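Q: Listed here are the chains, written in short residue letters.
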Amino acid sequence: MNDDEWLRAFGAELHQRRVAVDAARHVIAEAATHLREGGGDPWLVFGPPQAYAAAIVESIGTAPGPRPGPVRLHATGITKRYGRRTVLRDATLTVRAGQIAAVIGANGCGKSTFLRICAGLISPDAGEVTVAGRLGYCPQQGGTIDFLLPDEHFVLVGAGQGMARGPARRAGRAAARQLGWDAESTVLARHLSGGTRQKLNLTMSTLAAPDVLLLDEPYQGFDQGSYVNLWDQLARLRDEGRAIVVVTHLLNQLDRVDTVLDLTPAQQGGRR
Amino acid sequence: MNRLVTVAEMTLRELVRRRGVLLLLLLMPLTFWLIRRDSHVGQSVRALLLGISWAVSTAALFATSAARELEPRLRLAGYRPHHLYLGRMLGLWALGLAVSVPFFLLTVFDANNLRYAGIAVAMLCCVAVAAPLGMLIGALLPREMEGTLLLLTVVAVQMLLDPTSSAAKLMPFWSSREIASWAVDHTDDGYLSRGVLHAAVVTALMLVTVAGLFGVRLRRRRHLRHAPLV
Amino acid sequence: MDGDRRGQWLRGVLDLCVLGLLHDGESYGYQLAQALDTAGVGPIQGGTLYPVLLRLQRTGLVTAQWREGDSGPARKYYQLTDDGRAALRHGGNAWLAFVAPVTHIVTKGVDG
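Chains as they are written, first to last, in UniProt numbering: chain A, 1 to 272; chain B, 1 to 230; chain C, 1 to 112.
These aren't lab readings, by the way, just hints derived from the structure by calculation. Every value quoted in this text rests on a predicted model; they were computed, and no experiment measured them. There could be a bad hint or two in this list.
Said to hold, decoys possible - Pulled from the structure, derived: some chain A residues nowhere near chain B, Cβ distances all over 10 Å:
id, residue
1, ASN2
2, GLU5
3, ALA119
4, GLU128
5, ARG169
6, TYR219
7, ASP232
What the hints assert, rightly or not - Now the stretches of chain C that chain A is said to cover, found in silico as 3 or more residues with beta-carbon under 8 Å:
id, segment
8, 8-17
9, 84-93
C-beta: ideal position from N, C-alpha, C; glycine also.
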């Protein structure tokens, strides 16, 4: 395990222990500087990542904020049929302020449908959704406008909340920076790479500071670094008290979520 | 108001950047004009008006289809349905007027003995009707191809129908044909007033239908309840 | 056995040592570790040192800021605060008052 791997493992441990994102970044940077200057094996200098993370938590504590907070999203008994095929049966999910929920399951098990029902974009055949506060929704794709610049997207979305142009642009760029993307470009959305367009998509959904954020596989086309940035950003939003629902089929980041809803049908072929 | 203007502005920006589409928009009425140029000037004026109608409604159709995925999102971001369809319509009307100006000048310089005010009014009517018509078709038919074909049918039928038949009066662009008669053939003022009235009624009808469609599509779903933030 | 005992002593006074070193002026983690080694306190690993620095920072005895050095990468520099100076005086006196009798007692055994 080289320095970078140790640092990455250490970072994951800090996140898991709910150390505030910015504090964690400083600690990781300081450890990296130390290793660069002094050399040496991180396992000897700092010890195992878990142990060092535990020592850090003991020194600086974990992220403040009430947790779990009040319920922000409550979906009960969601059932959806397309023709004779039942896509969702009696799905239930509760997410509180300051929580990240993951919706997982095999392809075609209705993850996106469930999210769209939560967002109020389609109606279920049965069930109810209660949302407290403002909703933000990031579709899997197609949420951007090909012939507009990133800035114009921010202005358009911001105006919905009565935001003036300047603040909307600044808020958009700041949110993009958190994802490691400099949005001050003069490139039309259609010329952005898949991963960057997805960052634009994501930035649009967080711009209006929603209380409940629904994300449908938001990391399509992301490289490793962007992927880490995304989860940092989600942790930051969670620590600010947002309720976040992420549809995902990647299981390795589940250790960074608070609740999991598995939509894989319990019994195959048991449809009525 | 700000939301309305922002949607209109972004619609315009988006359309203006589609250079290819814009070029074809301008090319179509021009070719219509040129093809009929040698015959009676009334023929070429009518062809030009139909060209403008076709061009603007196609632009409206494409703009509506392109925004299909985005609109639910903007709705969540705080827009009401009327901001979205009225804003888009305003943008399209502005584009239609801009496209009409060079063609109006074309008639002024390339043809004589016309009531130019009539030409201008006819163009206004074309643009007024075309934007909501394209949006209506775009809202009804999810695929651009189907929409384009339907639009083509409407314009072709409009072109082929005898304007004096009662069926022709049911076509959306009948107004421009009436007003063109007044402008080119110096017919009585009844043609002008009938045309303007027809355009106003058709535009209003189309607008109400578009409003209804958008209202339904972007409605608040009954299963989703909003609780106060605690 | 010796290492263990040494470790226990260090845990008790490392924060005082760090405050003492910062009394001479601001410094950063790696430099502090080297200074402690040079002074003969022994090699201090980063895993021991940084949690102490973070605790001192959290309790307001030191402040820290990231800065580009004259050469090399950006480093987190720590400075002593007025509270830190008071804590050093107070804790230092307590340590001296503790260590003097211990030295006195232990010396006889060592000499004998």
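Q: Run every hint past the structure and note whether it holds.
A: Against the structure, the hints come out as follows:
| no. | hint | result |
| --- | --- | --- |
| 1 | ASN2 | holds (43 Å) |
| 2 | GLU5 | holds (39 Å) |
| 3 | ALA119 | violated (7 Å) |
| 4 | GLU128 | violated (5 Å) |
| 5 | ARG169 | holds (13 Å) |
| 6 | TYR219 | holds (19 Å) |
| 7 | ASP232 | holds (24 Å) |
| 8 | 8-17 | violated (count 0) |
| 9 | 84-93 | violated (count 0) |
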